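Peer 1: Listed below are the residues making up each chain.
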Amino acid sequence: GEDVEQSLFLSVREGDSSVINCTYTDSSSTYLYWYKQEPGAGLQLLTYIFSNMDMKQDQRLTVLLNKKDKHLSLRIADTQTGDSAIYFCAESTFREGGKLIFGQGTELSVKP
Amino acid sequence: DTAVSQTPKYLVTQMGNDKSIKCEQNLGHDTMYWYKQDSKKFLKIMFSYNNKELIINETVPNRFSPKSPDKAHLNLHINSLELGDSAVYFCASSQGTAELPLHFGNGTRLTVT
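Just so you know, the sequences run in chain order A and B.
For what it's worth, our numbering labels the leading residue of the first sequence as 39, then goes sequentially.
For what it's worth, our numbering labels the leading residue of the second sequence as 174, then goes sequentially.
Hints are computed from structural coordinates only; laboratory data are not their basis.
Note that the structure is predicted; figures quoted are calculated from it, not measured.
Just to be clear, a hint being listed does not mean it is correct.
Stated by the list, open to error - Keeping only pairs whose Cα atoms sit at most 25 angstroms apart, straight-line, the calculated SDA-like set for lysine to any residue is:
1) A/Lys-108 - B/Lys-195
2) B/Lys-217 - A/Arg-51
3) B/Lys-195 - B/Ser-259
4) B/Lys-209 - A/Gln-142
5) A/Lys-108 - A/Gly-78
6) A/Lys-74 - B/Asp-203
7) B/Lys-209 - A/Val-50
8) B/Lys-214 - A/Asn-90
9) A/Lys-108 - A/Pro-77
10) B/Lys-214 - A/Ser-122
11) B/Lys-217 - A/Lys-149
Stated by the list, open to error - To spell it out: a stretch of chain A is covered by chain B in this simulated footprint if at least three of its residues, at any positions, have a beta carbon under 8 angstroms from a beta carbon of chain B; those stretches are:
12) 111-119
13) 139-147
Every residue gets a Cβ at the ideal spot worked out from N, C-alpha and C, and that includes glycine.
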């Protein structure tokens with residue numbers, strides 16, 4: 039079945055790079071996403087990658103996709119205290135259009 | 174502002190009551206969704222509508238009834254509320270069902286006492 043897994047917590051120091059990892063099981067995944075949720079707020083789309091790509095960079099964010107291992111990562115360069123939030127990985131497939139399967143979320147804590 | 178907006182932001186009610194949550198999007202999207210986030214932050218789809226037509230219904234109790242009067246609105250009505258319905262409910266929208274990503278509202282925190 040469909041499953042998306044993430045580690046629950048990550049703690050880094052301000053200025054370091056953060057790497058949040060995600061694994062998924064559905065080999066027919068079409069898009070993979072990273073969403074950010076700050077306390078008491080909604081889900082903010084950070085970036086997404088199509089399954090035929092292996093990397094996407096957007097300012098401080100780098101997404102790496104290893105389709106063979108079904109592994110997705112989000113790297114945040116120069117992590118700031120404002121990056122503290124929960125980060126959700128999600129995947130979708132064309133055959134179940136619009137249905138996102140989410141991981142449990144990784145709580146990123148950035149210490150000054 | 175272009176956005177997905179939900180009301181109310183907070184809803185506290187007693188078991189057995191009936192309540193509604195409203196959602197509107199002004200992004201011109203034709204597909205709207207309801208997702209539920211439980212106390213452990215786990216997010217799961219409940220429903221989706223495309224051009225007012227139900228396309229996804231994920232084994233949600235029939236006490237939950239979505240209604241889409243037009244493609245810019247998707248409301249969620251819940252009958253006979255139970256303690257286990259306490260959660261944060263997120264509305265989302267997208268252009269089509271294959272052209273994601275989804276844009277989410279800020280959520281409605283429902284507390285059933």
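Peer 1: Each hint should be assessed against the structure and marked as holding or not.
Peer 2: Quick rundown of the hints versus the structure:
1. A/Lys-108 - B/Lys-195: 37 angstroms, violated
2. B/Lys-217 - A/Arg-51: 32 angstroms, violated
3. B/Lys-195 - B/Ser-259: It holds: about 17 angstroms lies between the C-alpha atoms, which stays within 25 angstroms.
4. B/Lys-209 - A/Gln-142: With Cα atoms ~13 angstroms apart, B/Lys-209 and A/Gln-142 stay inside 25 angstroms; holds.
5. A/Lys-108 - A/Gly-78: Roughly 31 angstroms between the alpha carbons, so the hint for A/Lys-108 and A/Gly-78 is violated.
6. A/Lys-74 - B/Asp-203: 24 angstroms, holds
7. B/Lys-209 - A/Val-50: Violated, at roughly 30 angstroms.
8. B/Lys-214 - A/Asn-90: 30 angstroms, violated
9. A/Lys-108 - A/Pro-77: 29 angstroms, violated
10. B/Lys-214 - A/Ser-122: 16 angstroms, holds
11. B/Lys-217 - A/Lys-149: 31 angstroms, violated
12. 111-119: Coverage by chain B is violated for the region 111-119 of chain A (0 residues, Cβ < 8 angstroms).
13. 139-147: holds (count 3)
The structure is inconsistent with the numbered hints 1, 2, 5, 7, 8, 9, 11 and 12, although it conforms to all the rest.
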